[in-house]
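Residue numbers (our numbering), protein chains in the order written: chain A, 1 to 408; chain B, 1 to 271; chain C, 1 to 293.
Hint data in this document are derived by calculation from the structure and do not stem from the laboratory.
Given the structure is predicted, the values throughout are model-derived calculations rather than measurements.
Just so it is clear, CB atoms sit at the ideal spot from N, CA and C, and this is done for glycine as well.
There could be a bad hint or two in this list.
With beta-carbon atoms standing in for the labels, derived distance ranges [claimed, not checked]: (1) C:Ser-16 / B:Asp-170: 41 to 49 Å; (2) B:Thr-8 / C:Phe-9: 56 to 64 Å; (3) C:Phe-9 / B:Lys-7: 52 to 60 Å; (4) A:Lys-254 / C:Ser-156: 31 to 39 Å; (5) B:Asp-170 / C:Ile-20: 26 to 34 Å; (6) A:Gly-159 / B:Ser-115: 57 to 65 Å.
So you can see what is in the structure, the chains are spelled out below.
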Amino acid sequence: MKSFKIYFVMVLVLLSSGILFASGQKEESGEKVLKLVGWSTTPQEKEYVQSRIDLFEAENPNVKVEWEILANEYNETLQIQIASGKGPDVFYLDASWASMFIENYALSPIDDYISQSTIDGFYPSTLDAFRDDSNLYGLAKDMNTLVLYYDELAFEKYGMSVPTTWDELLETSKTFAAMDEYEAGIVLRTDFARFYPFILQNGGSILDEDGNPNWTDKAVVDAFDYYFNDLIGSGAAKTNKDFNGENEGALTTKKVPMMISGGWATAYLNENGKDIEWKMTKLPKGKSEKTVLFTVAYVMNKNANDQELAASFIDFMTSEKSQRMVVDSGLAVPTRQAVADYYIEKNPTLGANPEQAKNAKVYNLGVHTPKIADLMSAAGDKIRLQGMSAQQALEEAELEFNEYLDTL
Amino acid sequence: MNDTLKKTIFNLIILIISIIAVVPFIWSLLASINPNMVMDREFFSPFNFTFSNYKYILMEFPYSRWFLNSVIVSVFVCLGNLIINTMAGYSLARLNFKGSKFILWLTISLMMIPSQVLLAPTYIVLTKLNWIATYKGLIIPFLFNLFNIFLVYQFLLDIPKDLEEAGEIDGLNPIGIFLNIIIPLSVPILITQSILSFTNNWNSYLWPSLIGNVENYYTLPVGLNSFYGVYYQDGNSVQAGVMLLTLPVIIFYIIAQKFLKSNDITTGIKA
Amino acid sequence: MNKTKENKFYGWFFLSPYLILVVLFFIVPLLFAIYFSFTRYSLIWGGIENAKFVGLNNFKNLLTDKTFLLSLKNTFVFVILSLPIQLIVSFFLAYFLNSHLLKNKGYYKTMFYIPTLISTVAITLIFSYLFQSNGLINIVLSIFHPIEVNWMDSVSLIKYPVVTMYAWIKVGVYMLIYLSGLMGIPTSYYETLKLEGGNFIHELRFIVIPSLRNVTYFITTMILIDSFKLFDIPFIVSKGTGGPLNATLTTVIYIYKSAFSSGRMGYATAASLILFLIIFVIAKLQSTVKERL
Numbered sequence: 001m002k003s004f005k006i007y008f009v010m011v012l013v014l015l016s017s018g019i020l021f022a023s024g025q026k027e028e029s030g031e032k033v034l035k036l037v038g039w040s041t042t043p044q045e046k047e048y049v050q051s052r053i054d055l056f057e058a059e060n061p062n063v064k065v066e067w068e069i070l071a072n073e074y075n076e077t078l079q080i081q082i083a084s085g086k087g088p089d090v091f092y093l094d095a096s097w098a099s100m101f102i103e104n105y106a107l108s109p110i111d112d113y114i115s116q117s118t119i120d121g122f123y124p125s126t127l128d129a130f131r132d133d134s135n136l137y138g139l140a141k142d143m144n145t146l147v148l149y150y151d152e153l154a155f156e157k158y159g160m161s162v163p164t165t166w167d168e169l170l171e172t173s174k175t176f177a178a179m180d181e182y183e184a185g186i187v188l189r190t191d192f193a194r195f196y197p198f199i200l201q202n203g204g205s206i207l208d209e210d211g212n213p214n215w216t217d218k219a220v221v222d223a224f225d226y227y228f229n230d231l232i233g234s235g236a237a238k239t240n241k242d243f244n245g246e247n248e249g250a251l252t253t254k255k256v257p258m259m260i261s262g263g264w265a266t267a268y269l270n271e272n273g274k275d276i277e278w279k280m281t282k283l284p285k286g287k288s289e290k291t292v293l294f295t296v297a298y299v300m301n302k303n304a305n306d307q308e309l310a311a312s313f314i315d316f317m318t319s320e321k322s323q324r325m326v327v328d329s330g331l332a333v334p335t336r337q338a339v340a341d342y343y344i345e346k347n348p349t350l351g352a353n354p355e356q357a358k359n360a361k362v363y364n365l366g367v368h369t370p371k372i373a374d375l376m377s378a379a380g381d382k383i384r385l386q387g388m389s390a391q392q393a394l395e396e397a398e399l400e401f402n403e404y405l406d407t408l
Numbered sequence: 001m002n003d004t005l006k007k008t009i010f011n012l013i014i015l016i017i018s019i020i021a022v023v024p025f026i027w028s029l030l031a032s033i034n035p036n037m038v039m040d041r042e043f044f045s046p047f048n049f050t051f052s053n054y055k056y057i058l059m060e061f062p063y064s065r066w067f068l069n070s071v072i073v074s075v076f077v078c079l080g081n082l083i084i085n086t087m088a089g090y091s092l093a094r095l096n097f098k099g100s101k102f103i104l105w106l107t108i109s110l111m112m113i114p115s116q117v118l119l120a121p122t123y124i125v126l127t128k129l130n131w132i133a134t135y136k137g138l139i140i141p142f143l144f145n146l147f148n149i150f151l152v153y154q155f156l157l158d159i160p161k162d163l164e165e166a167g168e169i170d171g172l173n174p175i176g177i178f179l180n181i182i183i184p185l186s187v188p189i190l191i192t193q194s195i196l197s198f199t200n201n202w203n204s205y206l207w208p209s210l211i212g213n214v215e216n217y218y219t220l221p222v223g224l225n226s227f228y229g230v231y232y233q234d235g236n237s238v239q240a241g242v243m244l245l246t247l248p249v250i251i252f253y254i255i256a257q258k259f260l261k262s263n264d265i266t267t268g269i270k271a
Numbered sequence: 001m002n003k004t005k006e007n008k009f010y011g012w013f014f015l016s017p018y019l020i021l022v023v024l025f026f027i028v029p030l031l032f033a034i035y036f037s038f039t040r041y042s043l044i045w046g047g048i049e050n051a052k053f054v055g056l057n058n059f060k061n062l063l064t065d066k067t068f069l070l071s072l073k074n075t076f077v078f079v080i081l082s083l084p085i086q087l088i089v090s091f092f093l094a095y096f097l098n099s100h101l102l103k104n105k106g107y108y109k110t111m112f113y114i115p116t117l118i119s120t121v122a123i124t125l126i127f128s129y130l131f132q133s134n135g136l137i138n139i140v141l142s143i144f145h146p147i148e149v150n151w152m153d154s155v156s157l158i159k160y161p162v163v164t165m166y167a168w169i170k171v172g173v174y175m176l177i178y179l180s181g182l183m184g185i186p187t188s189y190y191e192t193l194k195l196e197g198g199n200f201i202h203e204l205r206f207i208v209i210p211s212l213r214n215v216t217y218f219i220t221t222m223i224l225i226d227s228f229k230l231f232d233i234p235f236i237v238s239k240g241t242g243g244p245l246n247a248t249l250t251t252v253i254y255i256y257k258s259a260f261s262s263g264r265m266g267y268a269t270a271a272s273l274i275l276f277l278i279i280f281v282i283a284k285l286q287s288t289v290k291e292r293l
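Chain A extracted, bound-state conformation (with noise of 0.2 Å):
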């Protein structure tokens, strides 16, 4: 019973000992200090934006540069520290989020500090979601497209030629999904941002010019119809659900020969692909040569302390120094014109994901982007699970939109 009492008095001590030495952190002063705030998807990445930070600092040396990666719940975390009236100087922000953060006041525009050349050396498309109506808020730091991937060796086994229009993906994964060995002719997933580009490939649009939903729309209807009857209902395609989530796994364990990602997916191929010979190649085509385009940008808070200096961080970070470094690294595509030419040079079979640029709409449909993504892709899994009408479907869809604006 007295060594109780012992432990119990060690333990307070240790504890409140433990308080008195975790605190006494001070601030250095003196410099400047830049807070940058984005993520890092691998030990690479974090490297060689690390070098071009160095660099920055050795420019500017009264400047000091933290860098905070956050993997997961980027916005979440963000969000938070933006609400408790600090938050980082120039953070990432994926084109999805933008509008809400603009239309919210969040962040400081940087035209003011940013050449017009400059500005134009951009993808414009890259640039689009980062606007409003009369200023410019982040420069791209890297882009992907949607393309097409598939497994050469397949095709070069059957005899078959990759399909490059509509009613050729159909026949293609058809004949593929009637093969012992396949499960389907592609994987395709449910979610909105990846059936986006069929929308805009029939000349459909997800809001009018008043921002209003556009939904029931022949061009959307008539995509919905292609996606999820024609491709997934009729067993020619299967959805990245049936393969336990796996979207990019499905093509690589040789379950489909075909399959639609981003540019970012090439670092999962590389590393598990080996039994296939992936290729990548443009979205077949519809009425027009449409795709989806994602993309992250550097931002600037409406709270920088130094706005002038956070500005030419941005630039820095997206210069066209920057980019090749972003190419060399070999994990993404740079979002400006001049660098592309490298990139295709560097990467000549991944041609496709830039090349696509010139016809792409940035994934990005204003404030209520993560509402209208909800939405569609319940749209779509009525029709593939319920067997709902697409027509119905969509009706269904704009109705909830409209209530939903009503609550606001």
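Start from chain A and add chains B and C according to the hints.
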């Protein structure tokens, strides 16, 4: 049916249940050392044994630093929990005073608030205290645990009143009774509490990632998560990460259990 | 000092460390949250001073918000399925572990607790594999009746894998608590029963269950509270969407999405206060029932 047969069948059933219980763990373990088990989740894929996934994590990342942070945070939180929760539970269960019912219901009610909506306001409080990216911020807000207070409370309710009365006759005040009578009687629940609190903290991700958001203050789950890419979440190195995260806490659990066994409540409620 | 006074003094003394911490790190944030519930506020507006007061609007809108009501319905289903499963399984695991018939208890105790130790992500991965259309579950079920449905992609079925995973992760904890309760039952009770010729059923009915009344109350309360706040598993399983077709959309997932992806912090806090009220009423009912028994 004779007794031996009954015993054998009973043991067999428990064995089967326990095997089912550890299947996901075994799968993780196998995936972490077998480069072939990537997407297929197949137990019987051709077996290649490799430690490269572990090497990758241990070499490429400051694992030891994260591990140390996790140990510091979990140990202090666990000890603090033992003291503060047990004190509170004792007060609520054994000292009937005006207001104790209210505090009890307050404690239970607070558990009903989804913590997700408190993320932002709590972060604001910590910012005001300047505790972001400090050990203080990682430890002090977690020194109490509502669940454990309620747990201790429930267990102390069952202790017979006469033991305390005996203490009172010996001239002990409530502090003396707490230290000399209650604590020795509640060893099993203290150990249970330390297991729950330690393992809970060890695996906790969201809060440490908000508060300890600078690499020097990463705990193990935060550090390991910092390289699970946004788009690229698979691969066996992730499973190796899961193992490197889980094994220490399993070892802690086994040691704590041993302690429970050796004490075997000889001092316990049987008295 | 008289007894009442002494108890009062020491009562607050023992509570003080807890109260200081809970006020600072729970009640103060909660007061912020309650304030938010009467405002229109998005976290990216910056400080709290930017929140705009809107009175009871959030609450009014919530009561007619179909998605919110659906999320409540889903949550109730998860609670109703989870409560008996977790309670019964954890009780029997503990009871078996405490049985004198069992050898190597230490190993089993560890094995039963391991599921609570591994990351939820790893568990959801393996379970979704088991519940695939060609997964192990379907292979076993096909012995009785051929079945080829993908549980993880079915609006009507996905709640079963979710409930199973949830129980998987949770029963270890409750088992541990039941076990420390069982270990507190004096062996003399069992011996008396044996002398009187009682069997296993008698043992449960006259010794174990009555002795564990407080523990059972505690565990029931915890399962109720915890499952009303169910978040992790359906969130990971549905990749944060609550799909397919909102089948796994629990109230807390809806709250989370409202706060962080729709930028409606005020709306989200109002929803969580409604959820709180529901849990509170049920817990109060449950405690009344317990007092009556």
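Hints, verified against the model:
In this structure the supplied range 41 to 49 Å is violated for C:Ser-16 paired with B:Asp-170, their Cβ-Cβ distance being about 26 Å. Taking the beta carbon of each, B:Thr-8 and C:Phe-9 are about 58 Å apart, inside 56 to 64 Å as hinted. The hinted window of 52 to 60 Å between C:Phe-9 and B:Lys-7 holds, with their beta carbons roughly 55 Å apart. Remark: the range hint 31 to 39 Å for A:Lys-254 to C:Ser-156 is upheld by a beta-carbon distance near 32 Å.
Checked against the given bound of 26 to 34 Å, the beta carbons of B:Asp-170 and C:Ile-20, roughly 31 Å apart, stay inside it. Distance hint check: the CB atoms of A:Gly-159 and B:Ser-115 are about 59 Å apart, consistent with the given range 57 to 65 Å.
The structure fails to meet hint 1 from the earlier list, while all remaining hints are met.
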